[in-house]
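J.: Given only the sequences and the hints, what does the whole structure look like? Please build it.
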Amino acid sequence: MTNGDSSDGYLVSRQYAYYIFSLLFLLYMFDYVDRLVVVSLFPFLQQDWGLSDTQCGMLVSAVYWSILVFTFPVSILIDRWSRKKSIGLMSTLWCIATAACAFTKSFPQLFAARTAIGIGEAGYAPGGTAMLAAIFPEKKRAFAMGIWNASIPLGSALGIALGGFIAQQWGWRHAFGLVALPGLVLAILFFFVKDYKTVDLVKVGATGEKQSVNYLEILKGFARTPSLTFVVFKGSLQYSTLLLVGLAAVAFVPAAAAITQDVVHPGVRATSYSFCVIVQHLLGSSLGPIFVGYVSDRTDISTALAMLPVFALAAGILFLAGSFFYEKDLAKVEKVAISVEK
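First residue of the sequence shown: 1168, per my numbering; consecutive thereafter.
No lab work stands behind these hints: they were computed from the structure. Model, not experiment: these values are computed from the prediction. One or more hints might be untrue.
List time: in silico DSS-like cross-link candidates among lysine-lysine, alpha-carbon distance up to 25 Å [claimed, not checked]: (1) Lys1364 x Lys1377; (2) Lys1495 x Lys1370; (3) Lys1307 x Lys1495; (4) Lys1495 x Lys1306; (5) Lys1251 x Lys1361; (6) Lys1387 x Lys1495; (7) Lys1377 x Lys1495; (8) Lys1370 x Lys1502.
Computed spacing ranges between beta-carbons, pair by pair [said to hold, decoys possible]: (9) Ser1180 x Phe1358: 15 to 21 Å; (10) Lys1307 x Glu1384: 29 to 35 Å; (11) Lys1502 x Lys1307: 16 to 22 Å; (12) Leu1487 x Phe1358: 39 to 45 Å; (13) Lys1502 x Gln1213: 52 to 58 Å; (14) Ser1189 x Val1371: 32 to 38 Å; (15) Ser1219 x Tyr1382: 42 to 48 Å; (16) Trp1216 x Phe1491: 49 to 55 Å; (17) Leu1497 x Gln1213: 47 to 53 Å.
The beta carbon of each residue, even a glycine, is placed where N, CA and C say it ideally should be.
T.: Below you can see the structure in the form of structure tokens.
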């Protein structure tokens, strides 16, 4: 597939590609800082508001339920409208929602603010993945996505560490406000980066003429792409295994994220990744914290966490199965050129 004007396969210059990459990396890092800062604030919230472990788990799951509901429609907007504008707007929303958490007065209010964070974050992973797939050469796509997704454990750790430190020094409300500011600055900067032109949904007919393709027809093609299907069901609960196991939990991401871009029409790359996000959160992130909190309230945290490796093993088996279909699915993809917006 032709990736653009650069002779080395980059859509833009190599330097500018890494500038966009840097913004995407930092935004993803602060995405997870804002998403998980609440975890370190549980003791303070329990002390002030008397929350149970289940309620604390709900504050984490609220974000993932929003992502689950909104990621697909938002990804369509990303594919058909603008990557940079969508990412800029979403980042601004989740940062404002994080700051709003500082002004809440009750659990329902905080739950609502956390839900708004998820609405903002809903399309970031699909949008960022689509941009990286476009601006980097195909052979470097998995590498770029691997480094990009390294921001997840980094942001998670920073969110928890910063939240606890700030809360100890100035109170838990300040923790929400202070971690929201850097992401807001990055969101504004992203409005001004170069984007690729929205890819028309067309295919080349037998005689060489371009033919319009129905969006639904392409989406149906996802179900007929085994390597994509197996990758989508790939171990969302791995993120719940902590510390050293966390390295293994994200090791699958570079190849898996690249597959969601390689085996679909370039005009629906964000939409393709949105299905991955939906299944991850449906099977894990949205229910996992509530489940762990529920079991913890009735037994203990060790018992709750001990159940998780079984799901990780099942995910590994599915990922292995999908690998046998990759080459065949890749050969079926329509070859469409991508160019930079003027």
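J.: Confirm or reject each hint.
T.: For each hint, the structure was consulted:
Restraint check for lysine 1364 and lysine 1377: the C-alpha separation of about 18 Å stays at or below 25 Å, so the hint holds. Using a Cα cut-off of 25 Å, the hinted pair lysine 1495 and lysine 1370 holds, with the two alpha carbons roughly 19 Å apart. Restraint check for lysine 1307 and lysine 1495: the C-alpha separation of about 21 Å stays at or below 25 Å, so the hint holds. Note on lysine 1495 and lysine 1306: the hinted pairing holds, with a Cα-Cα distance of about 18 Å set against a maximum of 25 Å.
In summary, the hint linking lysine 1251 to lysine 1361 is supported, as the alpha carbons are separated by about 8 Å, within the 25 Å threshold. A hinted pair counts as satisfied when its Cα atoms are at most 25 Å apart, and lysine 1387 with lysine 1495 qualifies at roughly 17 Å. A distance of roughly 24 Å separates the Cα atoms of lysine 1377 and lysine 1495; the hinted pair therefore holds under the 25 Å criterion. Of the supplied pair hints, the one linking lysine 1370 and lysine 1502 holds, its CA atoms being roughly 8 Å apart against a limit of 25 Å.
Between serine 1180 and phenylalanine 1358 the C-beta distance comes to about 20 Å, which sits within the given range of 15 to 21 Å. The beta-carbon spacing between lysine 1307 and glutamate 1384, approximately 31 Å, falls within the hinted interval of 29 to 35 Å. One distance hint, 16 to 22 Å for the beta-carbon pair lysine 1502 and lysine 1307, holds here, with the actual separation near 19 Å. Take leucine 1487 and phenylalanine 1358: their Cβ atoms lie about 41 Å apart, and the range 39 to 45 Å holds.
A beta carbon spacing of about 56 Å between lysine 1502 and glutamine 1213 agrees with the range 52 to 58 Å that was offered as a hint. Roughly 36 Å separates the CB atoms of serine 1189 and valine 1371, a value that falls within the hinted 32 to 38 Å. For serine 1219 paired with tyrosine 1382, a C-beta distance near 44 Å keeps the hint of 42 to 48 Å intact. For tryptophan 1216 and phenylalanine 1491, the hinted distance range of 49 to 55 Å is satisfied, since their beta carbons lie about 51 Å from each other.
Checked against the given bound of 47 to 53 Å, the beta carbons of leucine 1497 and glutamine 1213, roughly 50 Å apart, stay inside it.
In this structure, every one of the numbered hints holds.
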